Each structure stands twice: as C-alpha cells, then as structure tokens.
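Chemist: What follows is each chain in one-letter form.
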Amino acid sequence: MSGTQPAVNVRGVSRVYEGGVAALCDVTLGFPAGRVTALLGRSGCGKTTLLNMCGAMDFPTSGEVEISGQVTSGLDDTRLTNLRRTKIGFVFQFFQLLPALTALENVELPLLLAGVRHSEAIARERLAWVDLAEKASALPWQLSGGQMQRVAIARALAHDPAVLIADEPTGNLDTISGDHVLRLIRRAADESGAAVIIATHSAEAAAIADVRVRMRDGRVESIEP
Amino acid sequence: MKLFTCLILRPLRRDRARTALTILSVALGVAVVVAIELAGEAATGSFESSITTLVGKVDYEITANGGVNETWMGTLAGLPIDARFSPVIELPVRVSDHSATLFGIDVLSAPSSQTGASPLADIGQLSTAAVLSSEFASRLSLHKGDVFRIQGRTSAGDFKVIAIALRQGTPWIAVDIAAAQRLTGLYGKLDRIEVFLGPQQSAAQAQSLIRRTLPSAWQMETPGARSDENRRMVQAFRWNLRILSYISLLVGAFLIYNTIAVSVVRRRTEIGILRAVGTSSRTVLAMFLAEAAMLGIIGSLAGALLGRLLAAAIIRMISDTVNSLFVTSRPGDIALTPVAIAGAVLVGTAVAVGSALIPAREAARVAPAEAMRREARQQEVRLHATRDLIIAAVLSLVAALLCQLPPWENRPVAGYAAALLGVVAAALLSPFFVSTLIRALRGTVKSLAGAAGLVASRSLIASLARTSIVVTALATAISMMVSVGIMVGSFRQTVEVWLDNQLRADLYIRGQGQPTAGVFPPLAPQVPALLRELPEVRDLDVLHSIVFRYHGQQATLAAASTTVASHEQALRFLDGPAAPILASLKNRDRAVVSEPFANRHHVHTGDVLQLPLGERTIALTVAGIYYDYSSDRGFVIADSSIMLKYVPDLPVTTIAIYLRKGADATSVRRRMEDKLRDFSVLIIPHELLRSQAIEVFDRTFAITWALEAVAILVAMLGAANSLLALVLDRRREIGLVRYLGAHTSQIYRMILTEAALIGLAASVLGLALGLALSLVLVFVINKQSFGWTIQFHPPLGLLGAAIALVWVVTVAAGLYPARYAAKLVPAEAVHEE
Numbered sequence: 001m002s003g004t005q006p007a008v009n010v011r012g013v014s015r016v017y018e019g020g021v022a023a024l025c026d027v028t029l030g031f032p033a034g035r036v037t038a039l040l041g042r043s044g045c046g047k048t049t050l051l052n053m054c055g056a057m058d059f060p061t062s063g064e065v066e067i068s069g070q071v072t073s074g075l076d077d078t079r080l081t082n083l084r085r086t087k088i089g090f091v092f093q094f095f096q097l098l099p100a101l102t103a104l105e106n107v108e109l110p111l112l113l114a115g116v117r118h119s120e121a122i123a124r125e126r127l128a129w130v131d132l133a134e135k136a137s138a139l140p141w142q143l144s145g146g147q148m149q150r151v152a153i154a155r156a157l158a159h160d161p162a163v164l165i166a167d168e169p170t171g172n173l174d175t176i177s178g179d180h181v182l183r184l185i186r187r188a189a190d191e192s193g194a195a196v197i198i199a200t201h202s203a204e205a206a207a208i209a210d211v212r213v214r215m216r217d218g219r220v221e222s223i224e225p
Numbered sequence: 001m002k003l004f005t006c007l008i009l010r011p012l013r014r015d016r017a018r019t020a021l022t023i024l025s026v027a028l029g030v031a032v033v034v035a036i037e038l039a040g041e042a043a044t045g046s047f048e049s050s051i052t053t054l055v056g057k058v059d060y061e062i063t064a065n066g067g068v069n070e071t072w073m074g075t076l077a078g079l080p081i082d083a084r085f086s087p088v089i090e091l092p093v094r095v096s097d098h099s100a101t102l103f104g105i106d107v108l109s110a111p112s113s114q115t116g117a118s119p120l121a122d123i124g125q126l127s128t129a130a131v132l133s134s135e136f137a138s139r140l141s142l143h144k145g146d147v148f149r150i151q152g153r154t155s156a157g158d159f160k161v162i163a164i165a166l167r168q169g170t171p172w173i174a175v176d177i178a179a180a181q182r183l184t185g186l187y188g189k190l191d192r193i194e195v196f197l198g199p200q201q202s203a204a205q206a207q208s209l210i211r212r213t214l215p216s217a218w219q220m221e222t223p224g225a226r227s228d229e230n231r232r233m234v235q236a237f238r239w240n241l242r243i244l245s246y247i248s249l250l251v252g253a254f255l256i257y258n259t260i261a262v263s264v265v266r267r268r269t270e271i272g273i274l275r276a277v278g279t280s281s282r283t284v285l286a287m288f289l290a291e292a293a294m295l296g297i298i299g300s301l302a303g304a305l306l307g308r309l310l311a312a313a314i315i316r317m318i319s320d321t322v323n324s325l326f327v328t329s330r331p332g333d334i335a336l337t338p339v340a341i342a343g344a345v346l347v348g349t350a351v352a353v354g355s356a357l358i359p360a361r362e363a364a365r366v367a368p369a370e371a372m373r374r375e376a377r378q379q380e381v382r383l384h385a386t387r388d389l390i391i392a393a394v395l396s397l398v399a400a401l402l403c404q405l406p407p408w409e410n411r412p413v414a415g416y417a418a419a420l421l422g423v424v425a426a427a428l429l430s431p432f433f434v435s436t437l438i439r440a441l442r443g444t445v446k447s448l449a450g451a452a453g454l455v456a457s458r459s460l461i462a463s464l465a466r467t468s469i470v471v472t473a474l475a476t477a478i479s480m481m482v483s484v485g486i487m488v489g490s491f492r493q494t495v496e497v498w499l500d501n502q503l504r505a506d507l508y509i510r511g512q513g514q515p516t517a518g519v520f521p522p523l524a525p526q527v528p529a530l531l532r533e534l535p536e537v538r539d540l541d542v543l544h545s546i547v548f549r550y551h552g553q554q555a556t557l558a559a560a561s562t563t564v565a566s567h568e569q570a571l572r573f574l575d576g577p578a579a580p581i582l583a584s585l586k587n588r589d590r591a592v593v594s595e596p597f598a599n600r601h602h603v604h605t606g607d608v609l610q611l612p613l614g615e616r617t618i619a620l621t622v623a624g625i626y627y628d629y630s631s632d633r634g635f636v637i638a639d640s641s642i643m644l645k646y647v648p649d650l651p652v653t654t655i656a657i658y659l660r661k662g663a664d665a666t667s668v669r670r671r672m673e674d675k676l677r678d679f680s681v682l683i684i685p686h687e688l689l690r691s692q693a694i695e696v697f698d699r700t701f702a703i704t705w706a707l708e709a710v711a712i713l714v715a716m717l718g719a720a721n722s723l724l725a726l727v728l729d730r731r732r733e734i735g736l737v738r739y740l741g742a743h744t745s746q747i748y749r750m751i752l753t754e755a756a757l758i759g760l761a762a763s764v765l766g767l768a769l770g771l772a773l774s775l776v777l778v779f780v781i782n783k784q785s786f787g788w789t790i791q792f793h794p795p796l797g798l799l800g801a802a803i804a805l806v807w808v809v810t811v812a813a814g815l816y817p818a819r820y821a822a823k824l825v826p827a828e829a830v831h832e833e
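So the sequence lines, in the order shown, correspond to chains A and B. So that you can map any letter, position 206 of the first sequence is 206 in our numbering, and since no number is skipped, the others follow by simple counting. So that you can map any letter, position 119 of the second sequence is 119 in our numbering, and since no number is skipped, the others follow by simple counting.
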C-alpha cells in the first residue's frame, strides 16, 4: 500500500480566525501516503490549525484542502463525517480516551460509529497490534500514559485510515513510552500505507519522519526531505 | 464577595439555561406549597355565618343535640345576671331555584344598642318582613319593597324585602323567628340561643350560672369555638394536601443537590487553585452554600408569586370539596401576606441550603494537589454502595415499624415519617440499582443503538452519583404518582362497590339545597305518607337524621327502618352478616355505627354509647360496625322504632324508594314530582345518585392529580437540567466522538438514549417505591386520617399509561441537551483545555 502519491493536498491555504488572527498564511503542502511528515515549530505557529485542516475538522478561509481526492470545503456535514469515519485517524497529546469505555471499547468505537461488522474482532486485532491484548477490559485510568497512547493509536488505526494525524503524540509521555509510541506510528506508515502527519516539538519524533516541515507564524519556513 | 462573583455568579450566568431550569424547579416546588396553603386557608376561611356580625357581638352560643327547647328561654331570662338571650333558627330554604340559609331571629331579645343601626332592626315589626344579604338580593335581582316567595320545609310564604345587608358574600335571608317556625313547621324548637352579656356582667360568673342551669350535655361555647371545630374537621384533609404539596419541594431539593454537586465537580480545579493560594475550606463551603441560598431565594420569591396565581386557580376545587364533604363555608380572600412570602422564602431557601450541604462539604474537603491534577476532573462525589445499602435496609425496617404506630393527635404522623424514610431509603438504594440495571441492559442497548448506546450506558455509569440523583428525583415524583394513583384507584373501586351495595333502591328523595355537614335539608314530615299512596311503591326506607356532637366532634345520628335495610341488604358489616345484626336493633336500645365513627372514637361492637339528646342522655349498645365512605365523621344509626321514641321530631332527610317489580321508574318519578310539587324535594334515580357520588369523588381528587402533575413537571425539568449538565461536562468527550466519525444524528441518539435509560431506571425504581408507599397510604395514612378501610385495587392500566407517558416526556426532555451536544464544534470542544 505504500507509495508517494499525496493522500492530503493543501493548496494555498489561509485561515483567519474571528478577530483577525491569522493562523495560517498561504500554505501549500502535500502529504504522501506511506510517509511520515513532521510539522515542527514553536507553539502558536499554526501546526494544530494545519492538522485540523488535514483532519477535516477545520476549514480554510481561502485555498483548499483535498483528502483522498475530496475537497473538504465543499462537503456537507454527512459527507465530512463519512470522510473522517473512513479516511482519517486522530492521535492526541492527552490521549483523549473516553474514560467510561474500556480499552477495547475505545478502539471499537469508531468502527461502531461507522457501522462496521465484526467490530469487536477488528478492535481486538488492533489492540494486539499495539501489544495491549491483555488490557482489553481495562478502563483508561487503569492504564499508564504510554499504554493509553497506544490504545489511542489502535483506535486511530481501527478503520484502516488513509491519513493518521498525531498532535504531539509523545508530549505527555516519558522517553521509553514515547519511543514505543513513535515506533508504532512509524509502523503504521510502513505497514498500512497511511499518510502520517505529526505535529511535534520533540527531536525524537522528528527523527522518525521522512519529511520535516518547519513552520513559523502560520507559514512554511522550510521543508527537509 | 469578589470570590463569589468569580467562582459562582459567572458560571451561573454562563450556564443560563441550567440556572433558569434550577430556579424554575425551586419556584414550582415552592409555588405548589404556597398555593395549597393560601387556597386551603381561603377555602376554609370563614365558617361563621356573616349574619352574626350584624346582630352584634355574641358572647356565647347555647346548642344541644336535636335542638334547644324554646321553654328554656324563660328559665334563662330568669337568671340573676345582666344578659340577654336571643333565640335563633337556622335552616336551608329555596327561593325560586336558589338555595339560601334562612335565619329566624328575635330582634327584640338582642341588645338594642347593637341592632339599632342594623338592617335587621325592623324585622320584628312585620311578620312577613325579610332582610336579604346583598349577594342573594343581587343573585335574584330583588330590591327593597319587592315581594318574593320562600319555600320552607313544610310550607311556603310570601315575604317583603325591607332591607338589604350590604357587603354580604353568602346567600341568606333573615326573618322574624315566628315566621321561620311557620316555614319549618317546627314550633318550640330552636337551633341555638345566643347570649349577650351586659357591659358590667362578669363572663365567668354568667357562664358558671348558665352552665349549672342547663342540662349537662348541652354545649355553651364562644362563637369562635364552632369555627375552630370546623377547622379541626377539615384539618386531616388539609394536612394530606399539604403533605402532598411538599412532594414537589422534595423533588426540587434533589435537583438543588444535583446542581450544587455539578458545580462542585466542574469547579474542582478552581477550588484546588483557591485552596492552594490560601482560601480556607470554610470559605469554600460558604460559597457553595451561598450559591444554593441564592438559587433558593430567587426561586422562592418567584414561587411565592406563582403560588398566589395557582391558589386562585385551585381555590374552587378545594372549596367545593370542603363544602361537599365537610362543612359549608364560603371562600375567603386569598391573602399573600408579607409573612406568607417570608415563610415561602424561608422554606425554599432552607430546603435549597439543606440539600446543598453534602456537595458543599465535599467541595470544602477538596485537597489542592488532587484537584489540580487533570484526571481529578473526572472524579465524582464518592459513593459508598455497601454502607448505603445497609442504611437503606435499616431505614426500610424502621419505616415498617413506624407503620404499626397509632396516630398522634388524630394525625398519621408516623405514617408520613415512614413514607419519608421510604423515599430516603430509595435514594440510598438508587446508585446500586441504577448501575446494576444499566450494566444488565448494556448489551441490549448497544445492539439497539450501536455506538451511541455503548457510550450512553457507559457514561451514565461513569457519572453514577449524578445519574442516580436525577433518577431518584424522577423516581420520587413517579412513586408519588403511583402511590397516590393506587390509593385513589383503590378508593374509587372500593367506593363503587360500596355504592352498588348501598344504593339498592330505585329512587331517592332528599330536600333541595346544599347538605350541611353531610346532612341534607329536612323533608316535610308528610312526604313518606304521600309516597306510600302510590301503588308502585313496594317499600320505603325513611332516614331521619341530625348532626350531633359526640365527645366534642360532629357526627350524624340517624334513625332508619332496619327491617328494610336488612331486607334490601343495604349495609355490609365488618363483624359479619348484616341480617342478624340489623334484626337485633328492633325495639332495643342498640345501634350500628359506621367504620369512621368507630375508628375516630375507638368504639367496638358491644360498647355502650352515651348519647346526649335534648335534655336527656340515652345509652345505645353498639350492635355492629358497618362500612361507610360517605362521611369521615361517621354515623350512628338506630332503628326508627327506638330512636323516634327518644327524639320524636327527628327530621326526615332522605327516603329510599323500592318499587314493585315491573314498575317504570321514570313514570313513577314523574308522578311523584307532581304529588310533591309543594315540597322542596329532589327525586333522584339510582343511576344519577351513583354517578353524582362518583363525580364528587373525582372532584375531590382532582387537586391531587394536579399536584402530582407539578411534581412530575419539576422532575422533568430536573431531568433536562441534569442531562444538560452531563453534556456540558462531557463537551470534550462529545467533541472526541465527533472526531471519531459520529454523525450529529448519532450524538442525538446518544443523549436521548441516556434520557431513555434515566427514564427507565426512574420508572422501575419509582414503581417499586410507589407500590410500597401505596401500602402506607392505603393502610396507614388513610385509615388513620379518615378511618375507612380501602380495598387494594391498583389501577394497572392507568398506571402503565402514566408511566409510559412520563418515560416519553423524559426522553423528550433530552431533546434540548441533545441539540446542544450536536451543535458543539468538535475542534473547539477537544482543544478548549
């Protein structure tokens, strides 16, 4: 599945918030399938805004974002939901597991939302993929930070997305757990062919990337292959 | 104060919808209490006949069971005291188709200083002179100088209006006492003698002398005493209404608890920071209690005003019930006094602060380090399931024991306490019950509602403390609906069965006009004889009755043909078959008593009743106790053969007519109406009397349903409020679910599934609690309040429909929170922290 065809294309995108704050200014980027792209830069440089654009959670004031061949701005709520459901997986800095659900149920949730059959079996398989099969019935508070993030990765990959978006995935983890999580993210790109986009401050995270995009004040400062 | 503004006021302003729902809940709870109090007070406001204010200040009233013999006027006048004695006859009469109270008075015996300026002063000058109350005059469009016809018990007469008494709100006519006696056909009998003492006369000396002179069984009381007695009579009725009105407030208390608990959970981090920078735990406690007090004060003030409006709407209902079941009164003005407002605010605020105590203490105990940790935000008020289950079991046991206790001062205080303990036990049981039920249903909910069902059921369990509070609030309201529904349904069924037994005659005759204390206006003595002349009449059961006093309380003393009663099987006895009991009454000093009379006066079969009648006291042995639901004051019935020997002029009040086989009741009724045209009577067919009785019954309990509807409404607001709180608290999670690919329709489904689960848990818990409470209501509270046995007949269909409706409305209450949740912007919700 791996290749270099961009799964996400960002073309001339600007995003100005109410009150005139410009978060992104004329950004053009491509995120190829099977490759890991790291977005680097200081807090407030526009990384998270760009991630939200690539996850179809936010929309450009000008320019366009194309995900798996679909331009996000023209889609209605139902199509956007379907796009997120089938093509995109999210990993967050603070794990964002639903506290009331077990690890297995957290992984199964996007499959259930999409009405996928045999959701539980798929979720178990994904959980095993992140080495947490034995923690299936644990609730989030019963897991360590690293384990929670691995569950989050399993959840993000549950529906085999074309794009995996990770916002500071190691920002809240110790070094060992962080390394483990980064290895999994790398494997996701290599094995499932997903276009992985990581927003990060960490040098370790940047090191696993194929492409490093440096951002400053909402603009792309440099791209290192 | 600044701290209060930042930490309490601002968040309340931010969550306007929730704040408004909470205030509305308190307002409705307080409004119901205020409305019942004001309307109850106004409905029973005036038992005194307004004519007394025109006659002047009466010092004492002399009354006797069966009436006062006129000859005593002479004896009293001869006493060496400075007093005047004024005879009074009071009876219901008809003018055209209107009922009024006729007062026969002797103005000459009243002190002239007091009647001189009164419109009554000239009555004695003309035997056909009448003074009308302004209310009655305007109702009949009568003016001074007009002549009108009064239909009395035995005869009718024309009277001339010589004056109209202004500002009189009840229908009455005053005539000279001799004219009144002509209309009743009762000469020599008075209803009471009013005593006016001279200015120098010592009241104690006069009272002592008069008492010594009169037969010992006679009553001599101040006029206010009668009002007090009437008030006591309606007390049980008002008490039960009052208790019922507190249910909405109780439901409101659960919701205040919930609101404050939500505030504490949501502001845990802020509390932690405040504690870290040196705020004392006492200040934190005070802040949250102040929040509750503020909600309580605003809600109570709104509630007091709303209560005033509600009182105007329900006064008619209460007044009708008081009139038809207890005693004739005229509704007074509804007075929302500053004291009443202060009382409402005090009660509302006390309930609000009291219910906020536990969560506020929880807030004060927050450890700074723990609260500031991110995960701590998920923490809920701690639950102690096992401890709570044990306490619930102990409370249930205590409640069961309380049900065995006798009434306290005629009030089922222990019964009320048992009901309250039942509610508390259910509240303690609620978390365990809710989690067990939702866990059991998890698989089903997931397969029915998919991901939305999974998240909904899990989220409810995760916020168990809050979920169980809203379930308890709703369950309390449902349980009251169920228990009162079962009580009223059982009572109705019991009364219907009783009516079918009791009403076996084809036609019934009674005097026209409103009953006084359950006794209808007397019929002319010749009516039974006239009826017997009709060939279709097989048998008559002539009931003679008067209201009498027994041990300071009113009851009805009646004489009836027990042969007819036995033959027609009209009475059912607690002691066994009716025939031998009724047969034992004939020509013997024996009587049967109704169940309420027996319970009220602790009378058993075989006891001897000492009944003061006129100038003597008669002793009647109780031959049996029969079921009766027509009056909670009770009846004593002896056979006519014996009772009329003691009280020959005991008036005929009702006649039951049994027709020969094949006789057409409608045509017989028409012929009877012709025959009795000159007498003010009503001839009522069996079916109509039955339906009228059921109508009175339904009217009596209409207010009960209205009160329950408010309690349910308050609980619904609470459900909407709590669901909204759950949504607000889970903004991040809801946003996340959207990130994971949820459609807005799935978010709707998720919140509505939560509402449905809350509604289901509340319905099951409410049904169980309601069944238990209905046993307390039927077998303890009702029995001790009114003294009658109700057979247990739960109206299952009605209850099922009502619970289904409540469930549907609870789900509907989830619509607004669901809409709010569906509109959340996922990126903002997830990243806002």
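Calculated directly from the structure, the hints in this document are not laboratory data. Keep in mind the model is a prediction, meaning the values are calculated, not measured. Please note that the accuracy of each hint is not assured.
What the hints assert, rightly or not - SDA-like, lysine to any residue: derived pairs with alpha carbons at most 20 Å apart:
| hint | chain 1 | residue 1 | chain 2 | residue 2 |
| --- | --- | --- | --- | --- |
| 1 | B | Lys586 | B | His551 |
| 2 | B | Lys160 | B | Arg139 |
| 3 | B | Lys823 | A | Glu134 |
| 4 | A | Lys135 | A | Gly178 |
| 5 | B | Lys783 | B | His793 |
| 6 | B | Lys645 | A | Arg85 |
| 7 | B | Lys645 | B | Pro612 |
| 8 | B | Lys823 | A | His180 |
| 9 | B | Lys645 | B | Asp589 |
| 10 | B | Lys675 | B | Lys823 |
| 11 | B | Lys823 | A | Leu80 |
| 12 | B | Lys586 | B | Gln610 |
| 13 | A | Lys135 | A | His180 |
| 14 | B | Lys823 | A | Glu18 |
| 15 | B | Lys57 | B | Thr19 |
| 16 | B | Lys57 | B | Ser216 |
| 17 | B | Lys189 | B | Ser216 |
| 18 | B | Lys144 | A | Arg85 |
| 19 | B | Lys586 | B | Ser630 |
| 20 | B | Lys783 | B | His604 |
| 21 | B | Lys783 | B | Ala206 |
| 22 | B | Lys586 | B | His602 |
| 23 | B | Lys823 | A | Gly178 |
| 24 | B | Lys823 | A | Glu120 |
Chemist: Hint by hint, say whether it matches the structure.
Modeler: Hints versus structure:
{"no.": "1", "hint": "B:Lys586 - B:His551", "verdict": "26 Å, violated"}
{"no.": "2", "hint": "B:Lys160 - B:Arg139", "verdict": "16 Å, holds"}
{"no.": "3", "hint": "B:Lys823 - A:Glu134", "verdict": "37 Å, violated"}
{"no.": "4", "hint": "A:Lys135 - A:Gly178", "verdict": "19 Å, holds"}
{"no.": "5", "hint": "B:Lys783 - B:His793", "verdict": "16 Å, holds"}
{"no.": "6", "hint": "B:Lys645 - A:Arg85", "verdict": "96 Å, violated"}
{"no.": "7", "hint": "B:Lys645 - B:Pro612", "verdict": "15 Å, holds"}
{"no.": "8", "hint": "B:Lys823 - A:His180", "verdict": "37 Å, violated"}
{"no.": "9", "hint": "B:Lys645 - B:Asp589", "verdict": "11 Å, holds"}
{"no.": "10", "hint": "B:Lys675 - B:Lys823", "verdict": "78 Å, violated"}
{"no.": "11", "hint": "B:Lys823 - A:Leu80", "verdict": "15 Å, holds"}
{"no.": "12", "hint": "B:Lys586 - B:Gln610", "verdict": "19 Å, holds"}
{"no.": "13", "hint": "A:Lys135 - A:His180", "verdict": "17 Å, holds"}
{"no.": "14", "hint": "B:Lys823 - A:Glu18", "verdict": "19 Å, holds"}
{"no.": "15", "hint": "B:Lys57 - B:Thr19", "verdict": "55 Å, violated"}
{"no.": "16", "hint": "B:Lys57 - B:Ser216", "verdict": "25 Å, violated"}
{"no.": "17", "hint": "B:Lys189 - B:Ser216", "verdict": "18 Å, holds"}
{"no.": "18", "hint": "B:Lys144 - A:Arg85", "verdict": "90 Å, violated"}
{"no.": "19", "hint": "B:Lys586 - B:Ser630", "verdict": "24 Å, violated"}
{"no.": "20", "hint": "B:Lys783 - B:His604", "verdict": "16 Å, holds"}
{"no.": "21", "hint": "B:Lys783 - B:Ala206", "verdict": "42 Å, violated"}
{"no.": "22", "hint": "B:Lys586 - B:His602", "verdict": "25 Å, violated"}
{"no.": "23", "hint": "B:Lys823 - A:Gly178", "verdict": "35 Å, violated"}
{"no.": "24", "hint": "B:Lys823 - A:Glu120", "verdict": "29 Å, violated"}
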